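*Asks:* Produce the complete structure using the sequences and hints provided.
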Amino acid sequence: RRRASSAEVWVMTSAPASMAGKLCVVTGANSGIGLEIAREFASRGARVVMACRDRARAASAASDIVASTGNDAVEVRELDLAALASVRSFASGFEGPRDAVDVLVNNAGAMYKTRTSTADGHERTFQVCCLAPHLLSRLMLPSLRRAAKNAGDAPGAARIVYVGSKLEKTGDVAKRLVWACDENGAMTRDPREIFQSRGGERGEAAADGA
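Be aware that the sequence shown starts at 1, since it is given in full-length UniProt numbering, and climbs by one per residue.
Simulated from the structure, these hints should not be mistaken for lab results.
All values derive from a computational prediction rather than experimental measurement.
Just to be clear, a hint being listed does not mean it is correct.
[To be verified] Between beta-carbon pairs, the in silico distance windows are:
| hint | residue 1 | residue 2 | range |
| --- | --- | --- | --- |
| 1 | Arg98 | Gly156 | 17 to 23 Å |
| 2 | Gly32 | Gly93 | 21 to 27 Å |
| 3 | Gly32 | His122 | 22 to 28 Å |
| 4 | Thr116 | Ser89 | 19 to 25 Å |
| 5 | Asp54 | Leu135 | 17 to 23 Å |
| 6 | Lys113 | Arg57 | 17 to 23 Å |
| 7 | Gly32 | Pro97 | 29 to 35 Å |
| 8 | Ser18 | Asp120 | 38 to 44 Å |
| 9 | Ala67 | Leu135 | 31 to 37 Å |
| 10 | Lys149 | Tyr112 | 37 to 43 Å |
| 11 | Ser117 | Pro16 | 41 to 47 Å |
Cβ coordinates follow ideal geometry from the N, Cα and C atoms, glycine included.
*Replies:* Structure below.
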């Protein structure tokens, strides 16, 4: 079994040319990086679930992906990270035998100009960028483990990927939150902690543009 640690360096490898038979879930997939990640998965033959808050925008993006890739196995499911009940409801939709998730990409995020709280009582940026993705990852583990088992528990058979940022390096985060609890630091640590001493599952964190 492979143990993740802060000292370990994973070498980035190319995705397989064909991802036929794989189920990939991408949050915030209706625009930007999430849209292109979803498009890339679809172009390689994967079944793609676009987890988005705005169904109308997501449906338009899904149609664009289908048109550009020729893969019609692209669907939209509603997910609002600012509502933990929505996260739980979304995750419950992956309990069936056809819904073993091979890849979960926690891409969705937001930055707000003013400090506000969600209906759950948490600071909005922290919930959307850290707490909700963490909950989603935890709730999706049974589905990811089924996918890993289906692949013979090969290393990295099922993955959680966090799209993060190094923006916290530019601000004085220490006055508000320690590094381990700020939304970007927590996103980097979370996949390591989720996959401590796991077998075929693997977690990664990436800062786009870094």
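*Asks:* Within 29 to 35 Å or not, the Cβ separation of Gly32 and Pro97?
*Replies:* holds (33 Å)
*Asks:* Starting from the hint 22 to 28 Å, judge whether the C-beta atoms of Gly32 and His122 obey it.
*Replies:* The hinted range 22 to 28 Å holds for Gly32 and His122, with Cβ atoms some 24 Å apart.
*Asks:* Given a hint of 19 to 25 Å, does the C-beta separation of Thr116 and Ser89 actually sit inside it?
*Replies:* holds (23 Å)
*Asks:* Falls inside 41 to 47 Å, the C-beta gap from Ser117 to Pro16?
*Replies:* Given about 43 Å between the Cβ atoms, the range holds.
*Asks:* Starting from the range 21 to 27 Å, see whether the pair Gly32 and Gly93 falls in it by beta-carbon distance.
*Replies:* holds (24 Å)
*Asks:* Just tell me: holds or violated, for the beta carbon distance of Ser18 and Asp120 against 38 to 44 Å?
*Replies:* holds (40 Å)
*Asks:* Do the Cβ positions of Ala67 and Leu135 conform to the proposed distance bound of 31 to 37 Å?
*Replies:* Cβ of Ala67 to Cβ of Leu135: about 34 Å, so the range 31 to 37 Å holds.
*Asks:* Is the gap between the beta carbons of Lys113 and Arg57 within 17 to 23 Å?
*Replies:* Cβ of Lys113 to Cβ of Arg57: about 21 Å, so the range 17 to 23 Å holds.
*Asks:* Verify the CB-CB distance for Arg98 and Gly156 against the hinted window 17 to 23 Å.
*Replies:* Since Arg98 and Gly156 have Cβ atoms about 22 Å apart, the given range 17 to 23 Å holds.
*Asks:* Between the beta carbons of Lys149 and Tyr112, is the distance compatible with 37 to 43 Å?
*Replies:* holds (40 Å)
*Asks:* Honestly, do Asp54 and Leu135 meet the 17 to 23 Å range at C-beta?
*Replies:* holds (21 Å)
Of the numbered hints listed earlier, not one is contradicted by the structure.
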